Every structure is written in C-alpha cells, then in structure tokens.
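Student: In case you want the letters, here they are:
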Amino acid sequence: MTGPIIQIAPWQLFLCLGFVLLAGGASVYHKLGLGRDLLVGTIRAFAQLFLVGYVLRFVFDVRLSWLVLLMFTFMVGAAVHTIRGRVKDRTIPFVIPTFLSMLVTYTLVTMLVTGVIVGVKPWWTPQYYIPLAGMIVGNSMNAIAISLERLFSDLKARHAEVEMKLALGADYREASQDILAGAVKAAMIPSINSLMAVGLVSLPGMMTGQILSGTDPTVAIRYQLVVMLMLVASNTLGALAITALIRKRCFSPAQRLLLR
Amino acid sequence: MPQNIGPETAAHFFRKNGRPVANGPGRVYFPGMSGQGSQETADRADAVLALDKVSFAYPGGPAVLEEASLAIEAGAFAVVRGPSGAGKSTLLRLLCRLEEPDLGRILFNGTPVDAMPPPALRRSVAYVQQMPTLLPGTVRDNLRLPFAYRANSDLTPPSDRDIQARLDELLLDGLTPDTAADRLSVGQAQRVCLIRSLLLNPGAVLLDEPTASLDAESARVVLDRTATLSRTGVTVVMISHSETLPEAATRVIEVHDRKLRYA
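Heads up: the protein sequence lines correspond to chains A and B, in order.
Per this note's numbering, residue 364 is the first one in the first sequence, and the count goes up by one each step.
Per this note's numbering, residue 31 is the first one in the second sequence, and the count goes up by one each step.
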C-alpha cells in the first residue's frame with residue numbers, strides 16, 4: 364500500500380500525447396472540427412500546469428509568508444474574475460466587495476483549518492495552505508456565482524413582490540428575505556449533494572491524489588472529511604456573507620430596489 | 031383646459047405668514063411655478079403631501095417631471111389623470127419614495143421624505159400597486175403580512191372577525207380569511223390589497239387605478255370606501271383612466287408635458 368510514488372518520466376508524458384492524437388484522429392475522421400481546439404487546449408494545459416508546478420515548487424522552497432498570501436490573493440482574484448463572467452447582470456457593481464470579502468473570509472477559514480484543525484506550524488506553510496485554500500476558493504467560487512446570479516434574477520423577476528413589501532413598511536431586509544434565502548440555498552445544494560454522494564459515486568480528487576502518492580486510505584479519508592466539512596462551512600459563510608452584502612447594494616439608501 | 035396655478039391662487043388658501051387659512055379637505059395648491067422661494071416652501075410645509083420643484087427621469091430615459099410642484103392637504107381626494115406614460119404612476123412612486131427625484135424635494139406633513147426612515151414613511155403613505163401582488167397562502171396570511179415588519183410592530187394584527195368584516199364591506203362576499211389567495215380574481219385581489227394597506231391606518235393612500243379590474247358595482251363600493259377615507263381625514267391620491275370622475279373627488283391633477291396642473 365505504502366511506498367515511494369512512481370515518477371512519470373518525460374518519455375511517458377510524451378507517450379500520453381498519443382491520447383490526444385487518438386482524439387484528434389477521431390475528430391478528423393468524423394469531421395468534428397475539433398482539431399484546432401484540441402491542439403490549443405493541450406498546449407495550454409501543458410504550459411499552465413508546468414508554470415504552476417514550477418511556481419509552487421518555488422513558493423514551497425522559499426517559504427515566505429507574504430509570498431503565500433500573495434499567491435492566495437491572486438487565486439481569489441482569478442476566482443472573482445470567473446464569477447464576474449458567470450453573473451450576467453451588471454447593474455450592481457459587485458466585483459470589489461466580493462473580492463474583499465472572499466479574501467478576508469477565506470484567509471480566516473484556511474487559517475483555521477491549517478493552524479487549528481490540521482495543526483501545521485506555521486499556519487501558512489505553503490504545502491498545506493495553498494492546496495487547501497485552492498479548494499476552498501474554487502468551491503466557493505461556484506457557490507457565490509450561483510448565489511449572486513440567483514439573487515439578481517429573482518430580485519428582477521419578483522420586483523413587484525419586493526416593492527409590495529417595501530410599500531407595506533418592510534425594510535430592505537424584510538422585503539428580500541425569501542429571495543436571499545433562496546439564493547443561498549441554491550448555492551448550497553451542490554456541496555450538500557456531494558456530502559451525500561462522496562465515496563459512493565467517486566473518490567474525491569484530493570483523496571485520490573493522496574492514495575496515489577502512497578498515503579494510507581484511512582488517513583486520506585480523514586483529510587477528505589476535513590476538506591468536505593470545511594467546504595460546506597466556507598461555501599455557506601461565503602455565499603451568505605457576500606449575497607447579503609451585495610443584496611444591500613441592490614437597494615438605495617432610501618430602501619428602493621435598484622434592479623428593474 | 032388645464033391651467034397653471036400661480037402664487038395668486040395660492041394666496042387664496044394661505045395667509046401671508048404662511049399658515050393655512052382654508053385647511054378643509056380638498057384644497058390642492060400648486061406652488062413653485064413662479065419660482066418664488068421661501069414663502070412657498072413655508073406654505074408647502076402645511077400640506078400633507080407636497081412636491082417642491084421636482085425633476086425626475088428614469089435612468090437613461092427622458093425627463094418624466096421637470097420642476098413639478100404640488101401640495102395636497104389633509105383629507106383631499108385627488109384624482110390624477112393624464113395620457114399613458116405621462117408619469118402618473120411615477121408621481122405616486124415618488125410620493126412614497128419608491129423613486130427618488132433627481133432634483134427638488136418631496137414633503138410629507140412638512141418633513142422632507144428623505145429625513146424619515148423609509149419604512150415609517152411608507153407605512154404612513156400607503157401605495158397600492160396597479161397590479162395586485164399577493165403571496166401564496168390564505169387571505170389571512172396576506173392581510174397579516176405587514177404586521178410582521180419591524181416598522182409596524184406597534185400595530186395589532188387583525189382578527190378573523192375584523193378580516194371578515196372588511197372583506198364583506200368591499201363586496202368580497204364569497205371570501206373568508208381561509209380562502210387561498212391564488213384563487214382570487216384580479217378584481218378580488220385588488221380589493222384584498224387595498225384592505226391590506228388600509229389595515230396599517232395610513233395618513234395618505236396612493237391608489238394606482240384601484241377600480242381598473244372591477245365591475246361597476248364593485249368599483250362603486252371601492253370608490254365609496256375611498257370617499258369615506260378622505261372624509262375621515264385620510265388624504266387620497268388616485269390614478270384614474272375613467273372619463274367619469276368619482277363624485278367625492280375634490281381635485282383633479284393632470285400630469286401633462288412633464289408638469290403637474292389641475293383641471
């Protein structure tokens with residue numbers, strides 16, 4: 364079970380390109396027109412992963428707290444960029460508040476996981492901090508995008524209902540309580556579903572990675588549990604905090620709905 | 031033919047020191063057309079609802095109102111008329127701050143509306159939307175909805191007997207507090223929405239075509255109820271497309287060419 368991990372040599376990696384050639388050949392034969400995309404995709408995957416690999420090795424070697432946090436900030440920035448692309452409504456500026464709250468919330472959550480639960484010293488040790496933070500940010504990115512998209516679309520679709528409540532003396536929170544809850548709930552469903560299906564449908568990536576690198580599966584599941592529970596918590600906190608923050612911006616100081 | 035009301039007409043209603051002389055129901059006064067400042071502002075402070083040189087446009091749209099002014103006194107029954115898209119609904123929405131003027135001020139009982147917490151203002155200046163909006167649930171759930179809001183926490187939710195009495199009063203005979211809200215016709219829903227707003231004992235009601243979906247008999251009942259309100263000192267501002275004016279109407283406001291005038 365345990366033992367040193369088998370290295371993948373360059374010629375083995377090169378051999379792996381055979382898979383792409385196979386897919387490319389099928390594309391040409393069936394006139395799928397995917398040849399160019401396959402080529403670009405393969406080159407990008409190689410370039411991006413090699414780059415990240417070397418950057419990570421550098422960050423792991425130099426072990427500087429500010430560099431770890433800088434990399435974390437960059438990851439959050441990339442996540443917010445993705446969220447920006449997925450949320451169609453542009454009426455309410457949400458990018459900067461989302462970036463700042465993700466940065467603060469997820470720094471704290473990852474600190475808690477590495478420093479308290481896993482017990483790494485120092486808490487920013489890059490081998491732990493960066494992969495765990497990456498999972499938190501990547502997962503929450505989906506939750507926040509779903510939640511914001513739902514918030515904006517429901518506030519628009521249920522405009523009359525929100526104004527009815529405002530006209531009856533509700534404050535903006537009371538007038539949009541149902542919509543906020545619906546948006547956060549929609550964002551939470553995927554991570555709750557994955558809690559239900561884990562281990563039965565697939566082995567999660569992190570656990571697979573640990574098992575491949577020789578870790579005892581019973582150790583790997585502990586890490587996986589920490590990660591999954593951490594993800595549920597960080598998704599809930601992030602989606603709730605950011606959706607509530609952006610919801611406030613959907614109303615003017617006069618508690619008037621700005622989305623039409 | 032609509033006419034602009036200048037300060038001369040205003041002087042008919044207000045003494046020189048700015049205190050109202052004839053403060054009875056139905057006095058509508060349109061200051062600000064002449065551009066004389068402080069005296070008129072003092073006058074408007076005595077009105078229940080007032081617009082002071084208000085300009086408004088929806089974002090990216092043409093001007094809806096330009097330096098429009100208006101003052102409505104306690105117990106007035108003002109009917110708002112004008113062509114479609116002239117800004118009648120916008121006027122009502124401005125009065126309860128669901129829209130905010132680009133320029134100018136809006137006053138409720140002499141206080142600029144932006145100095146009041148919006149929930150408190152909207153509880154006092156009740157806006158009833160043209161399209162009735164009810165939530166899933168019973169008529170009772172819908173009528174008790176606003177009593178859950180913090181701004182209304184001092185009010186007691188209506189009892190079933192009270193609800194039934196109010197339903198009967200507006201000819202909603204077949205309905206009980208337990209009737210499912212999604213089974214109501216538009217006309218019934220419109221009346222339930224009116225009841226819901228009146229349960230908050232507002233000082234003024236803004237009605238956006240409350241009789242548009244009603245048969246003649248129900249419309250008459252709603253107008254009678256509205257007239258009773260204005261007789262008890264509640265100010266009524268009602269949009270109507272109907273050619274025939276409600277008998278109880280004390281003033282007709284025309285929204286025309288980005289100004290407010292009375293006919």
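Just so you know, these hints were derived from the structure itself, not from any lab.
Note that the coordinates shown come from a computational prediction; the quantities given were computed from them, not determined experimentally.
No residue lacks a Cβ here, since even glycine has one placed at the ideal position from N, Cα and C.
Among the clues, some could well be false.
Said to hold, decoys possible - With the C-beta cut set under 8 angstroms, the calculated list includes, among others, these residues of chain A facing chain B:
no., residue
1, 416
2, 418
3, 537
4, 612
5, 615
Student: Does residue 537/A meet its interface restraint, that is, does its C-beta lie within less than 8 angstroms of any C-beta in chain B?
Tutor: holds, 5 angstroms
Student: A closest beta-carbon separation below 8 angstroms is what the hint needs, so does residue 612/A meet it against chain B?
Tutor: violated, 16 angstroms
Student: Holds or violated: the hint that residue 615/A contacts chain B, with Cβ atoms closer than 8 angstroms.
Tutor: It holds, given that the least Cβ distance between residue 615/A and chain B is near 7 angstroms, below 8 angstroms.
Student: Is the hint on residue 418/A kept, meaning its closest Cβ partner in chain B is under 8 angstroms away?
Tutor: violated, 44 angstroms
Student: Minimum Cβ distance from residue 416/A to chain B below 8 angstroms?
Tutor: violated, 49 angstroms
Of the numbered hints listed earlier, those contradicted by the structure are 1, 2, 4.
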